[in-house]
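*Asks:* Protein chains in written order, with my numbering: chain A, 1 to 252; chain B, 1 to 309.
By construction, these hints were calculated from the structure, which means they are not laboratory data.
Ideal Cβ placement from N, Cα and C applies to all residues, glycine included.
Honestly, I wouldn't trust all of these hints.
Unchecked claim - Stretch-level coverage of chain B by chain A, calculated; a stretch enters the list once three of its residues show a Cβ under 8 Å from a Cβ in chain A:
id	region
1	126-136
2	222-230
3	266-279
As the list claims (entries may be wrong) - Chain A is faced by these chain B residues, among others (derived, beta-carbon under 8 Å):
id	residue
4	V83
5	N89
6	L251
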Amino acid sequence: MRALRAAMPALIPFLVITGALELAVRGGLVRAYLVPAPSSVFRAMVESRGELMRAMLTTSASALLGFLLSAVAGIGIAVFLSSSRAIQRAFYPYAVFFQTVPLIAIAPLLVIWFGYGTRTVVASAFVVSVFPVIANTLNGILSTDPALRDLFRLYGASTLVTLFKLRFPAALPQILTGLRVASGLAVIGAIVGEFIGGQGLGSVVDIARTQQRVDKVFAAVLLASVLGLALFGMINLISYVTLRRWHASEQG
Amino acid sequence: MNRRDLLLIAAAGLAACGKSARKIRLALNWKPEPEFGGFYAALYQKSGLDVEILPGGAGTPTIQMVGAGSAEFGIVGADELVVARSRGNDVVAVFAVFQNNPLGIMVHASRKLTSIGDIFRHPGTVGMQRGLSYARLLEKMYGFDKVKIVPSPNGDVSAFLHDKNFAQQCFITSEPLIAKRQGADVQVFPISDIGFNPYTDVMATSGNLLRTKPEMVKSMVAAVREGLRIYLDDPKPTNLRMQQLNPTMPLDLFTETAEVQRPLIETDETRRNGLGVMTKERWETLIVRLKDLGDIENAPAAGECFRSV
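Generate the whole structure from the sequences, applying the supplied hints.
*Replies:* Below you can see the structure in the form of structure tokens.
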């Protein structure tokens with residue numbers, strides 16, 4: 001009952017919008033081949049449940065792997081960049097590169113470098129999701145409270161100790177923000193990767209679109225957003241566990 | 001400036017908008033290339049038509065655009081049109097550029113394959129759009145368990161050049177010529193080999209427009225037919241214009257493509273009955289095919305899929 005009450009604010013817009021859409025399509029206001037009725041999306045989901053579930057599992061695995069790579073590499077790169085101003089100036093512009101790569105343009109190259117299938121999809125998820133992790137982590141590490149840094153220096157703490165005991169924990173809220181942004185991007189990246197590399201929800205969307213099955217396209221898109229939500233929820237859980245004792249964002 | 005002046009200006013602006021909205025939009029499903037030469041060569045203004053050609057790309061939903069009225073005319077495939085009609089999208093074919101399907105699969109000649117079926121009997125990778133009817137027909141005929149099916153590279157030939165066992169869906173008038181220029185020894189198998197030969201680059205309009213503006217549709221078709229004649233007789237000036245819109249394609253490739261596509265556009269049938277002509281028998285054959293493949297549940301009548309105007 002309490003869970004229901006907690007979900008209510010999110011549930012009401014959903015019910016209103018799907019209800020209105022259903023009526024609009026049935027009443028002939030919107031053509032079914034442009035926007036499908038929610039009921040037909042649901043039917044497509046039930047009809048093709050086996051295919052959709054398998055596709056969703058594949059996409060989940062690739063998106064998750066790409067996301068984990070982004071998290072590890074992104075934080076690692078940020079720590080490296082934070083070590084000195086000179087290094088930052090030398091390498092940060094190249095990190096920005098990841099944010100501006102037009103994935104579609106290099107798509108044919110991706111499949112030549114990584115082959116058709118999972119590796120291309122993971123690479124694509126990684127490329128689009130790594131930058132927010134780098135940028136947010138770096139920002140977090142660089143904004144350590146100077147008073148605390150002085151304190152650490154006063155007690156003769158080494159650079160490594162300062163990094164792991166002070167700068168890194170203090171940067172956690174920003175790191176988690178970066179990961180939240182990255183989680184959604186990883187799903188998008190995986191699906192774009194699947195358009196070119198084959199398999200998963202991206203492939204289902206591509207095929208259904210060619211067959212003019214708008215209902216199935218929407219069914220697959222819905223599942224992709226469920227996947228995005230799940231990843232997002234996972235980060236929120238981690239955030240709650242790690243921050244609730246000391247950071248304002250997870251208190252109250 | 002007082003308020004009345006502002007209102008007048010606004011009204012004039014609205015009138016101007018109304019005027020430009022009367023433009024006839026023709027949505028292409030690909031970049032300006034020789035396959036659309038007839039549309040670019042057509043002398044619309046002579047027929048009193050104000051036509052705007054909207055170039056497209058992979059996945060431009062021309063058929064939905066025509067159905068929704070965001071384009072008066074659109075370039076579609078005959079198979080696509082049958083599927084659309086069976087799903088309640090009232091679109092009608094009025095002109096067919098390709099009498100014979102230019103779709104094919106290209107392979108490296110070094111593999112010494114002898115037929116389309118051979119492609120699927122030997123290990124390799126095939127880039128094709130699985131959503132298209134011909135792909136399901138191939139799957140039904142040969143099975144896909146020996147080969148790896150990957151998404152169509154949409155005109156890009158780099159994977160093909162890179163891998164000797166890569167085969168890819170193509171327009172026999174396009175990708176094979178590009179791959180040859182890059183030094184590949186290419187062999188092409190047309191899809192019509194397996195008896196799948198829908199009209200391609202079909203100009204479609206909406207049933208609504210056919211009812212409300214039959215005269216406009218008629219002059220459009222006449223202009224396009226004449227345009228295609230002009231293009232076939234002398235592709236050069238139109239190629240020059242199209243190349244400016246699509247500068248990544250070299251001019252001599254335009255020239256070469258225009259020659260290669262000629263026999264697919266001009267056939268005995270068109271010499272008897274005019275360019276762009278369509279017959280009920282061929283639409284019927286296609287509909288039966290699509291029904292057998294399970295692509296459509298309710299088969300539309302052949303007679304309502306196209307209109308000779």
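*Asks:* Verify this for me: three or more residues of the region 222-230 of chain B with a beta carbon less than 8 Å from a beta carbon of chain A.
*Replies:* violated (count 0)
*Asks:* The hint names V83/B as touching chain A; please verify it with the least Cβ-Cβ distance against 8 Å.
*Replies:* holds, 5 Å
*Asks:* Once the shortest beta carbon distance from L251/B to chain A is found, is it less than 8 Å?
*Replies:* violated, 24 Å
*Asks:* When the nearest CB of chain A is found for N89/B, is that gap smaller than 8 Å?
*Replies:* holds, 5 Å
*Asks:* Within the region 266-279 of chain B, is the number of residues with a Cβ closer than 8 Å to a Cβ of chain A three or more?
*Replies:* As far as the region 266-279 of chain B goes, the hint is violated, because 0 residues have Cβ atoms under 8 Å from chain A.
*Asks:* At a Cβ distance under 8 Å, does chain A reach at least three residues of the region 126-136 of chain B?
*Replies:* That given contact holds, which follows from 4 residues of the region 126-136 of chain B lying within Cβ reach (below 8 Å) of chain A.
Hint check: violations occur at hints 2, 3 and 6; the rest are consistent with the structure.
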